[in-house]
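Protein chains in written order, with the numbering used here: chain X, 1 to 214; chain Y, 1 to 214.
To be clear, the hints were calculated from the coordinates, so they are not data collected in a lab.
Hints may be right or wrong, so weigh each one.
[Stated by the list, open to error] Chain X regions said to be covered by chain Y (calculated; three or more residues, Cβ under 8 angstroms):
| # | stretch |
| --- | --- |
| 1 | 15 to 28 |
| 2 | 43 to 54 |
[Unchecked claim] Label pairs and their calculated CB-CB ranges:
| # | chain 1 | residue 1 | chain 2 | residue 2 | range |
| --- | --- | --- | --- | --- | --- |
| 3 | X | Gly53 | Y | Pro183 | 29 to 37 angstroms |
| 4 | X | Glu169 | Y | Gly73 | 54 to 62 angstroms |
| 5 | X | Thr114 | Y | Asp196 | 16 to 24 angstroms |
| 6 | X | Asn140 | Y | Pro183 | 13 to 21 angstroms |
| 7 | X | Lys167 | Y | Val63 | 13 to 21 angstroms |
| 8 | Y | Lys153 | X | Asn140 | 55 to 63 angstroms |
| 9 | X | Asn214 | Y | Arg14 | 42 to 50 angstroms |
| 10 | X | Lys212 | Y | Glu119 | 31 to 39 angstroms |
| 11 | X | Pro202 | Y | Glu54 | 13 to 21 angstroms |
| 12 | X | Glu169 | Y | Val11 | 43 to 51 angstroms |
| 13 | Y | Asp196 | X | Ile131 | 31 to 39 angstroms |
| 14 | Y | Asp4 | X | Glu171 | 33 to 41 angstroms |
| 15 | X | Tyr173 | Y | Lys153 | 51 to 59 angstroms |
| 16 | Y | Ile211 | X | Ile211 | 17 to 25 angstroms |
Please read all numbers here as calculations on a predicted model, not as lab measurements.
Here a beta-carbon is modelled for each residue, glycine too, at the ideal position from N, C-alpha and C.
Protein chains: 2
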Amino acid sequence: MKTDKTKVKRVPKRGHYDAETIYKILDNDFICQVGFVYNDYPVVIPTIYGRKGEYIYFHGASVSRMLVTMEKGVNISINVTQTDGIVLARSAFHHSLNYHSVTVFGQAELVTDTNERMEALKIISDQIIPIRWEEARLPNTKELKATKVLKLKITEASAKIRIGPPKDEKEDYDLDIWAGVIPIEKRYGQPIADPDLKEGIPVAESVLKLIKDN
Amino acid sequence: MKTDKTKVKRVPKRGHYDAETIYKILDNDFICQVGFVYNDYPVVIPTIYGRKGEYIYFHGASVSRMLVTMEKGVNISINVTQTDGIVLARSAFHHSLNYHSVTVFGQAELVTDTNERMEALKIISDQIIPIRWEEARLPNTKELKATKVLKLKITEASAKIRIGPPKDEKEDYDLDIWAGVIPIEKRYGQPIADPDLKEGIPVAESVLKLIKDN
């Protein structure tokens, strides 16, 4: 998937182009930033996604400006970034971040097939919280009509990864300055029930599992 | 700051346009996604920033494609998004996310003044981890030459926020389905010393403070 467009420009050794690495990073998240051009301005919109096979699926309101624009087949790119740690070097110059990031370029297409639409919605739901699709009241005809589903084939993509300790200039290793990494951890807190929750309803299995897998 | 471009299109009641709200969200993070157009493609690049007053500062390698492009004064936008929780409704359709998000539109400009450049680098450093600038070995002439600093004035900006419990269709509140919010928490883990750390160096004050403020 290494093309002129996806080739990692800065610090090339951090670039990865194999599907396994790219899919793993995508599967570890559910929010991406979609970039598209609207009235001569690049617009960056955070949105939920789900991945299955070679496709990334998006959904939203049928009238969404982002989806209506993407539906036209314009050039888009998406970026997913997970920040793993602050890298403290001895020198200010060599401070850095540890991260996993993926960028995909392409054109999205509208999903029109009824079954594929429903499957895509399940893929997106599963990406955020598995099992929930089996628990929730599924979309009715009116809701499906109000929802647009698009997909983007992962053909031009790259990952950029930084891991590990800081790198300093040789002569700086002798300075009396602490250096290392502060990990950034993301986890789920204790679920907060809807104040309007009907009495006697236990916390859902999907929620218990998500928290247990923290 | 409400203009045609920044007006929140989807779910307008989630839109905010006052500087206080926008600055607070910006100050709560240090990574943004920059969108710019390169060879007819919208490109989205995650990057570190710092805010002070009406300006957002960026830095990077002088040869960075992103900075070299931004330096030309082209239209850019930046987005900062913090995901606060997964909102589980009774219906799949009304599932949502709680989040705080800011978008800024404009054109960046190169910072050329020596003092302002150094101050900007400190602002960015302070945004990530206060006190560190006072501890680290500061940039020398060679390193400053290899670094580009840009700033973006916050004139056209908007925030989009969702907080609180799910909203379901009236008739769904009677369903036997758990609904509520799963908080997403971000925190710093225990610092990992550089394996090449000189012996006898205690963990830096900046690190201890950052972790204590968790």
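Status of each hint after checking the structure:
For the stretch 15 to 28 of chain X, the assignment as covered by chain Y is violated, since 0 residues bring a beta-carbon within under 8 angstroms of that chain's beta-carbons and 3 are needed. Counting residues of the stretch 43 to 54 of chain X whose CB lies closer than 8 angstroms to any CB of chain Y gives 5, which reaches the minimum of 3, so the coverage claim holds. At roughly 32 angstroms, the beta-carbon separation of X/Gly53 and Y/Pro183 lies within the given 29 to 37 angstroms, and the hint holds. For X/Glu169 and Y/Gly73, the Cβ-Cβ distance of about 34 angstroms falls outside the hinted range of 54 to 62 angstroms, so the restraint is violated.
Judged by the Cβ atoms, the range 16 to 24 angstroms given for X/Thr114 and Y/Asp196 is violated: they are separated by roughly 59 angstroms. About 29 angstroms separates the C-beta atoms of X/Asn140 and Y/Pro183, a value inconsistent with the hinted range of 13 to 21 angstroms. Against the hinted window of 13 to 21 angstroms, the Cβ-Cβ separation of X/Lys167 and Y/Val63 comes to about 18 angstroms, which satisfies the hint. Judged by the Cβ atoms, the range 55 to 63 angstroms given for Y/Lys153 and X/Asn140 is violated: they are separated by roughly 47 angstroms.
Between X/Asn214 and Y/Arg14 the CB atoms are about 28 angstroms apart, so this pair departs from the stated range of 42 to 50 angstroms. A hinted range of 31 to 39 angstroms is violated for the C-beta pair X/Lys212 and Y/Glu119, which are about 47 angstroms apart. Remark: the range hint 13 to 21 angstroms for X/Pro202 to Y/Glu54 is contradicted by a beta-carbon distance near 50 angstroms. The hint said 43 to 51 angstroms for the Cβ distance between X/Glu169 and Y/Val11, and at roughly 50 angstroms that hint holds.
Separation of Y/Asp196 from X/Ile131 is about 45 angstroms and departs from the stated range, judged on CB atoms against 31 to 39 angstroms. Separated by about 54 angstroms at the C-beta atoms, Y/Asp4 and X/Glu171 break the suggested range of 33 to 41 angstroms. A C-beta distance of roughly 40 angstroms is found between X/Tyr173 and Y/Lys153, which places it outside the suggested range of 51 to 59 angstroms. In this structure, Y/Ile211 and X/Ile211 meet the distance hint of 17 to 25 angstroms, their C-beta atoms being roughly 24 angstroms apart.
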